[in-house]
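Student: As you go down the protein sequences, you meet chains A and B in turn.
Under the numbering used here, residues 1 to 326 are what the first sequence spells out, in order.
Under the numbering used here, residues 327 to 652 are what the second sequence spells out, in order.
Since the hints were derived computationally from the structure, they do not count as laboratory data.
From a predicted model like this one, the values you see are computed outputs, not experimental measurements.
Quick reminder that beta carbons are idealized off the backbone N, C-alpha and C, glycines included.
Heads up, some of the hints might be wrong.
[To be verified] Here are the simulated DSS-like cross-link-like pairs (lysine-lysine), alpha carbons at most 30 Å apart as the crow flies:
id: 1; chain 1: A; residue 1: K228; chain 2: B; residue 2: K633
id: 2; chain 1: A; residue 1: K279; chain 2: B; residue 2: K633
id: 3; chain 1: B; residue 1: K605; chain 2: A; residue 2: K307
id: 4; chain 1: A; residue 1: K62; chain 2: A; residue 2: K16
id: 5; chain 1: A; residue 1: K199; chain 2: A; residue 2: K105
id: 6; chain 1: B; residue 1: K418; chain 2: B; residue 2: K525
id: 7; chain 1: A; residue 1: K113; chain 2: A; residue 2: K199
id: 8; chain 1: A; residue 1: K279; chain 2: B; residue 2: K605
id: 9; chain 1: A; residue 1: K62; chain 2: A; residue 2: K105
id: 10; chain 1: B; residue 1: K394; chain 2: B; residue 2: K605
id: 11; chain 1: B; residue 1: K394; chain 2: B; residue 2: K554
id: 12; chain 1: A; residue 1: K105; chain 2: A; residue 2: K92
[Stated by the list, open to error] Covered stretches of chain B, as calculated for chain A (at least 3 residues, CB under 8 Å):
id: 13; segment: 352-360
id: 14; segment: 415-421
id: 15; segment: 575-581
[Said to hold, decoys possible] To list a few chain B residues with every Cβ distance to chain A over 10 Å, as calculated:
id: 16; residue: D340
id: 17; residue: K342
id: 18; residue: F395
id: 19; residue: S408
id: 20; residue: E412
id: 21; residue: D429
id: 22; residue: E433
id: 23; residue: S440
id: 24; residue: N539
id: 25; residue: L603
id: 26; residue: T637
id: 27; residue: L643
Here is what each chain is made of, one letter per residue.
Number of protein chains: 2
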Amino acid sequence: MFDTEDIDIQITRDVKVVDATLRDGGIVNSFYFPEGFASALYKANVAAGVDIMEFGYKVSRKMFDETKFGIWKFCDEQSIRSVVGENRTDVKISVMSDVGRVDLKSEVLQKEKSVIDIYRIAAYSRQAEEAAEMVSYCHDMGYFTTCNIMAVSRDDRQSLERALDIIARSPADVIYIVDSFGSLYPDDIMLLCDIYGEKAYKYGKKLGIHAHNNQQLAFANTIAAYAKGVEYLDATVCGMGRGAGNCYLESLIGYLRRPAYRLEPLLAFVREHMEPLRKQASWGYDVPYLLTGLYNVHPYAAIDFLKADRTDYENFLHEITNGEKK
Amino acid sequence: MFDTEDIDIQITRDVKVVDATLRDGGIVNSFYFPEGFASALYKANVAAGVDIMEFGYKVSRKMFDETKFGIWKFCDEQSIRSVVGENRTDVKISVMSDVGRVDLKSEVLQKEKSVIDIYRIAAYSRQAEEAAEMVSYCHDMGYFTTCNIMAVSRDDRQSLERALDIIARSPADVIYIVDSFGSLYPDDIMLLCDIYGEKAYKYGKKLGIHAHNNQQLAFANTIAAYAKGVEYLDATVCGMGRGAGNCYLESLIGYLRRPAYRLEPLLAFVREHMEPLRKQASWGYDVPYLLTGLYNVHPYAAIDFLKADRTDYENFLHEITNGEKK
Numbered sequence: 001m002f003d004t005e006d007i008d009i010q011i012t013r014d015v016k017v018v019d020a021t022l023r024d025g026g027i028v029n030s031f032y033f034p035e036g037f038a039s040a041l042y043k044a045n046v047a048a049g050v051d052i053m054e055f056g057y058k059v060s061r062k063m064f065d066e067t068k069f070g071i072w073k074f075c076d077e078q079s080i081r082s083v084v085g086e087n088r089t090d091v092k093i094s095v096m097s098d099v100g101r102v103d104l105k106s107e108v109l110q111k112e113k114s115v116i117d118i119y120r121i122a123a124y125s126r127q128a129e130e131a132a133e134m135v136s137y138c139h140d141m142g143y144f145t146t147c148n149i150m151a152v153s154r155d156d157r158q159s160l161e162r163a164l165d166i167i168a169r170s171p172a173d174v175i176y177i178v179d180s181f182g183s184l185y186p187d188d189i190m191l192l193c194d195i196y197g198e199k200a201y202k203y204g205k206k207l208g209i210h211a212h213n214n215q216q217l218a219f220a221n222t223i224a225a226y227a228k229g230v231e232y233l234d235a236t237v238c239g240m241g242r243g244a245g246n247c248y249l250e251s252l253i254g255y256l257r258r259p260a261y262r263l264e265p266l267l268a269f270v271r272e273h274m275e276p277l278r279k280q281a282s283w284g285y286d287v288p289y290l291l292t293g294l295y296n297v298h299p300y301a302a303i304d305f306l307k308a309d310r311t312d313y314e315n316f317l318h319e320i321t322n323g324e325k326k
Numbered sequence: 327m328f329d330t331e332d333i334d335i336q337i338t339r340d341v342k343v344v345d346a347t348l349r350d351g352g353i354v355n356s357f358y359f360p361e362g363f364a365s366a367l368y369k370a371n372v373a374a375g376v377d378i379m380e381f382g383y384k385v386s387r388k389m390f391d392e393t394k395f396g397i398w399k400f401c402d403e404q405s406i407r408s409v410v411g412e413n414r415t416d417v418k419i420s421v422m423s424d425v426g427r428v429d430l431k432s433e434v435l436q437k438e439k440s441v442i443d444i445y446r447i448a449a450y451s452r453q454a455e456e457a458a459e460m461v462s463y464c465h466d467m468g469y470f471t472t473c474n475i476m477a478v479s480r481d482d483r484q485s486l487e488r489a490l491d492i493i494a495r496s497p498a499d500v501i502y503i504v505d506s507f508g509s510l511y512p513d514d515i516m517l518l519c520d521i522y523g524e525k526a527y528k529y530g531k532k533l534g535i536h537a538h539n540n541q542q543l544a545f546a547n548t549i550a551a552y553a554k555g556v557e558y559l560d561a562t563v564c565g566m567g568r569g570a571g572n573c574y575l576e577s578l579i580g581y582l583r584r585p586a587y588r589l590e591p592l593l594a595f596v597r598e599h600m601e602p603l604r605k606q607a608s609w610g611y612d613v614p615y616l617l618t619g620l621y622n623v624h625p626y627a628a629i630d631f632l633k634a635d636r637t638d639y640e641n642f643l644h645e646i647t648n649g650e651k652k
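Work out the full structure: start from the sequences and follow the hints.
Tutor: Written as structure tokens, this is what we have:
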């Protein structure tokens, strides 16, 4: 604030900015993005210096009806190639798979046949063994891998440490702190960075952070993690994502103030593509999301409340706390 | 996060929640609030356990045309009494005066004749002497006083420390960190807490925080200050305030989780009074406010940009950085 000393320190630290707009934002609109949206976002990310762009989920067509979702729910090789060609850019391409929602053995190509660079495996802590298996499979196929432990705010410390022990011994390159419910405060995030770091660093893993904006803390939590040495930082344009959404990519890029990143391409993308999209899809901070964040419950309750056009917040508070509050 | 240990610690610490909705929110709508709004807000604050309610500014009618502002720009004794009567509640009543915008000697009643409890004197650091005089005057008239040093993100350390030296020797009960431009990060706030504390605590002063939401950090910055021992925490319902607005009162009350505070009355107030108001007045995070926050310039530029229905963010970025960025 008083001088630029700390900027020099930042520049020497490694960081990877991950744009998850198509993936987490896709949850908002069932992955039905307008024609040309993915392509324009890819170009904006390339121009902005974003390190990794997540195109969506890779899930099984046997488990999800493909007439009910846009193409980024499935992330076929040809869908991604239709946007990136051979991807002769510095942007790495990732997809996410949830434990239990895909049989990777029938879906994952050998790395040399794919433009995908990174598989991110999402799992609850109780699914750590299965997650580690999926990570191993993708790793063996030649991919960079992450393991994203969801809804960590609901874990007790013992369950979390058990999961971390398993995942830290897997070949995952990065282990993610995921605040699915937008329930955590910067202090919690910093504590989690220590807990994760203790398990992860001795195996040479990096850490990542994926935050939600229920309490308008997604950006604050992301930069708190960054200050603790977390290197993989998830964000989405305009914070587009389930419920209250995510860390705003434009805030994060602005904050980092590194020559490698440029804000202007993202500002142009916001004007040209996000502002029209906002008229068709709804996400971002609202009172019911604040309440699910505060009381550490899944945002689905708030999504349903808003879909029903309810505004009886006091009753909702009572419902989600099972009558603990009146 | 893992247990409630830290909640017990919090409860033992002193804190004063200040609702500044009428005052900072009044900047958005020239203090023209709907009939009954102030009264309903007062009742909600009483029921919620809010410690201090700021009714507005006290400025000189000679300097501001009273046909162009609602009554909370002037905060006459009878206006406040029409809402609070003799204020036989636990809520303390404050008003704000800016250095140079009022001759307090013609405006301030002896405390025993007034329902106002607190005068908050707002000044830039270069106006510290004048601020200290105004504080002394209000103190001598029997009031609790604060001095709010505005736009601290633009001060160099020497100017700030000079101002703090002057204000710390004044009779001000509380010295406020004010991030007028929404430019500071939690780390900056924590550094400022140390700088302010070093000057203030030896004279028995308390510290306060007033944050703006340009980078969606108003709440994060407020709780960062709280963690550093800052006791006076400003917020507004739905974050209503100039430009990107302020720390959300409902987030803050929810966060504190103290028996003295109740969220439900604020939730009812949001539904009944803020949601209609949102259709008439505009505030809150938007891209131009992010940019003025990032580049530490006054939000007026962003307010004008939005009023002109402009969306050429890249040009705006260029303008506010005087061409440093292109």
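Student: Hints first: check each against the structure and report whether it holds.
Tutor: Hint check results:
1. For the hint pairing A/K228 with B/K633, the CA-to-CA distance comes to about 40 Å; that exceeds 30 Å, so the pair is violated.
2. Our distance criterion of 30 Å between C-alpha atoms is met by A/K279 and B/K633, whose separation comes to about 20 Å.
3. Simply put, B/K605 and A/K307 have alpha-carbon atoms about 20 Å apart, close enough for the 30 Å limit, and the pair holds.
4. Taking the CA atoms of A/K62 and A/K16, the gap is about 34 Å. The hint is violated against a cut of 30 Å.
5. This hinted pair checks out: A/K199 and A/K105 have alpha carbons roughly 29 Å apart, not beyond 30 Å.
6. Simply put, B/K418 and B/K525 have alpha-carbon atoms about 26 Å apart, close enough for the 30 Å limit, and the pair holds.
7. A distance of roughly 34 Å separates the Cα atoms of A/K113 and A/K199; the hinted pair therefore is violated under the 30 Å criterion.
8. Taken as a hint, the A/K279 and B/K605 pair is honoured in the structure, with Cα atoms around 17 Å apart against an allowance of 30 Å.
9. A hinted pair counts as satisfied when its Cα atoms are at most 30 Å apart, and A/K62 with A/K105 qualifies at roughly 14 Å.
10. For the suggested pair B/K394 and B/K605, the alpha carbons sit about 21 Å apart, so the restraint of at most 30 Å is met.
11. Among the hinted pairs, B/K394 with B/K554 is inconsistent with the structure: their alpha-carbon atoms are about 41 Å apart, more than 30 Å.
12. A threshold of 30 Å between alpha carbons decides the hint, and for A/K105 with A/K92 the separation of about 22 Å falls inside it, so the pair holds.
13. Using a Cβ-Cβ cut-off of 8 Å, 0 residues of the segment 352-360 of chain B lie near chain A, which falls short of the minimum of three, so the contact claim is violated.
14. Three residues within the 8 Å Cβ limit are the bar, and the segment 415-421 of chain B against chain A gives 0, so the coverage statement is violated.
15. Residues of the segment 575-581 of chain B with a Cβ under 8 Å from some Cβ of chain A number 4, which satisfies the need for three, so the listed coverage holds.
16. The claim that B/D340 is not at the interface with chain A holds, since no C-beta of that chain comes within 10 Å of its own (minimum 19 Å).
17. Against chain A, the non-interface label of B/K342 holds: every CB pair exceeds 10 Å, the least being about 20 Å.
18. B/F395, annotated as away from the interface, keeps every beta carbon of chain A farther than 10 Å; the closest lies near 30 Å.
19. The beta carbon of B/S408 is kept farther than 10 Å from every beta carbon of chain A, the shortest such distance being approximately 28 Å.
20. Here B/E412 stays apart from chain A, with its beta-carbon at least about 30 Å from theirs, past the 10 Å limit.
21. Every Cβ of chain A is farther than 10 Å from the Cβ of B/D429; the closest lies at roughly 34 Å, confirming the non-interface assignment.
22. The beta carbon of B/E433 is kept farther than 10 Å from every beta carbon of chain A, the shortest such distance being approximately 35 Å.
23. Listed as a non-interface residue, B/S440 keeps its Cβ farther than 10 Å from every Cβ of chain A; the least gap is roughly 35 Å.
24. For B/N539, the non-interface assignment is contradicted: its Cβ lies about 8 Å from the closest Cβ of chain A, within the 10 Å cut-off.
25. Every CB of chain A is more than 10 Å from the CB of B/L603 (nearest about 14 Å), matching its label as outside the interface.
26. Non-interface call for B/T637 relative to chain A: violated, since the shortest CB-CB distance, roughly 5 Å, does not exceed 10 Å.
27. Look at B/L643: its CB is around 7 Å from the nearest CB on chain A, not clear of 10 Å, so calling it non-interface is violated.
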